[in-house]
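Residue numbers (full-length UniProt numbering), protein chains in the order written: chain A, 1 to 133; chain B, 1 to 133; chain C, 1 to 133; chain D, 1 to 133; chain E, 1 to 133; chain F, 1 to 133.
In this list, chains with the same sequence are indistinguishable; a pair is considered to hold if it fits within one copy or across any two.
Here are the simulated lysine-lysine pairs, DSSO-like style, with alpha carbons at most 30 Å apart:
no., residue 1, residue 2
1, K35, K20
2, K128, K83
3, K21, K123
4, K35, K96
5, K128, K21
6, K96, K129
7, K83, K96
8, K96, K120
9, K21, K129
10, K123, K20
11, K96, K123
Hint data in this document are derived by calculation from the structure and do not stem from the laboratory.
Protein chains: 6
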Amino acid sequence: MKSAINDNQSRFERGLANLKKIDGEAGEKVIEGLKQIAPDLARYTIEYPFGDIYNRPGLDLRSREISTIAALTAMGNAEPQLKVHIQAGLNVGLTKEEIVEIIIQMSVYAGFPAALNGIKAAKEVFEKKQCEK
Amino acid sequence: MKSAINDNQSRFERGLANLKKIDGEAGEKVIEGLKQIAPDLARYTIEYPFGDIYNRPGLDLRSREISTIAALTAMGNAEPQLKVHIQAGLNVGLTKEEIVEIIIQMSVYAGFPAALNGIKAAKEVFEKKQCEK
Amino acid sequence: MKSAINDNQSRFERGLANLKKIDGEAGEKVIEGLKQIAPDLARYTIEYPFGDIYNRPGLDLRSREISTIAALTAMGNAEPQLKVHIQAGLNVGLTKEEIVEIIIQMSVYAGFPAALNGIKAAKEVFEKKQCEK
Amino acid sequence: MKSAINDNQSRFERGLANLKKIDGEAGEKVIEGLKQIAPDLARYTIEYPFGDIYNRPGLDLRSREISTIAALTAMGNAEPQLKVHIQAGLNVGLTKEEIVEIIIQMSVYAGFPAALNGIKAAKEVFEKKQCEK
Amino acid sequence: MKSAINDNQSRFERGLANLKKIDGEAGEKVIEGLKQIAPDLARYTIEYPFGDIYNRPGLDLRSREISTIAALTAMGNAEPQLKVHIQAGLNVGLTKEEIVEIIIQMSVYAGFPAALNGIKAAKEVFEKKQCEK
Amino acid sequence: MKSAINDNQSRFERGLANLKKIDGEAGEKVIEGLKQIAPDLARYTIEYPFGDIYNRPGLDLRSREISTIAALTAMGNAEPQLKVHIQAGLNVGLTKEEIVEIIIQMSVYAGFPAALNGIKAAKEVFEKKQCEK
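Could you build the full structure based on these sequences and the hints that come with them?
Printed below as a string of structure tokens:
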């Protein structure tokens, strides 16, 4: 039950690389925003989710982002993070249509308001992307 | 915005076929349990989630079950349905290892208790499956 | 903004009478169960919900129980209280059919698992009632 | 368990008529906003909640809106939909005082923050209505 | 199980004094905002949370605010109230560092999004305080 | 933002020591239960919550357990973990009376059902402790 080889230094570096690859600019902004008030939470966010979890071989990144978009849509109380992961979903190869499908499906498990608010978040991410082109 | 061809009869029949294919015996038990007290909720459960949503071409069944397992683990208040969909995940081709990965990842988005309780549900489904062999 | 006439004594007595009328035996059991470990929470439960809120003239008891059954079904994490209030709904004149309708409607706002678990709770309350006859 | 007579065409038409009657302009805006990004979710929102559920005879519209306002206040994560249904409550005959009562009662079941945020939503809907006169 | 001595008048007065001491200006604004639309919810908010609960001798105010900040961060759907209680935490002697620690710890129990959104709320409260100096 | 000195080996060992000290036997059982199905979640549970977070100097263990008991009571969907932490609260020096106070206070923020279910959990932990003497 021990991870012998990797020390925390490499968890952090590995996590930062994964964060940049998956979340892109939006993820880096989150980390930046934490630096003054809670730098250790920034470090943990890099180390545990991105250094440990997203680095695991048992599930591909595409499936990991499907999981995250579904969960955050269903929970309905984490809009900023949902937007970051809708963008992350696009970054790892999900199409807009697939993301919309995941969110529509949440109407079944978390109700229509959760799905409607998820679609609104997706719309804002997709339109922002459009503008930047 | 209209679905011209399929009438409700076919939504129901299509949904029942999907329910049997995806959820298997566990899904049929849910429907059976509703028959006396709320037969219309049984019908809606067949028609909307399984006749409409799981029938949509935009996302494969594997990705749909990833979404559902993630969402129900994160919500943490629907253990019977989570178990049905852990079984459904196995039915549509997810491995036990992949299901465990999805649940572990929820520790990031919904906290460790949600992940621990999700793993407990998975353990019970996996062990039941083992016994039946 | 002050309630001048009623002192706490009457809030408690009024609340206890309302609790007995609305929740019946199930409500009294809740209060009894709190006596040893948290008697003050028993007192508050009588005073605030039943002495203050359910005593207000602006909404009839029937509508109050509709509200409570809907909310507890949607929240999905308070099964014992949902059962008490399904019974309370029957006590204040809701029919079984109306209670089932309220719960089915929650599939729209909180998802199908919340509705399915709500129906299961209703089934257990209705069957218990049947047995006691 | 089958709905033989009504085909989807009529579910949609019936749902659209109910949506206009119950939610009014606010509901139509929701549908309009979905058209470009997720037209099928717009269709489902019309067909299932409004074509199927709000069309059921077992519970009057007034009681249905009580249920929805209570649930959305208690869930506390769907402010836009809560506002639409506070307006819908007024449309089907609930008074402002009754809506305020439903929300105050949620302090018992979901806590004071849920009730306070619900009242804030009601205030904004009531004031908007006032301005339009 | 009865509170014989204190009548409601004193619950209200005691609650108002506690509200001013603990929540300060932010709490008074909440009460002010309720006056026109739901004056009774203002009264209940003063009487029950502040007249009854925060007045109890069994737990010091510092521990009570730790509880509240933790709970509201974890629930993730009551940002205005979380901000009021981050300020209240400072008012009763918690340091900014301790408040940040409580919020970081919520990453374990409610997930990283809840902690990240809690830190954002804290940042806004701390910066506002800074500006007022 | 990097933790240079401690490698993962020491995070794990430090976490295991903290887990034993804080959660006691109940915590070890959780880890044991994960070993076959999700050993890595066992490791993460030791490393992140107990090796990283509970090890931080900025907040004493007593305040950390107050936070956790409050949050889990308010969330209302993690009864096994709430029980572990009610026991942990006793282990780090909270009295039964203080734990009951924290839970009663949650009636304000998460509603009476959350508080009632929290008290039920506390009762079961306290009575088990009594029996073991």
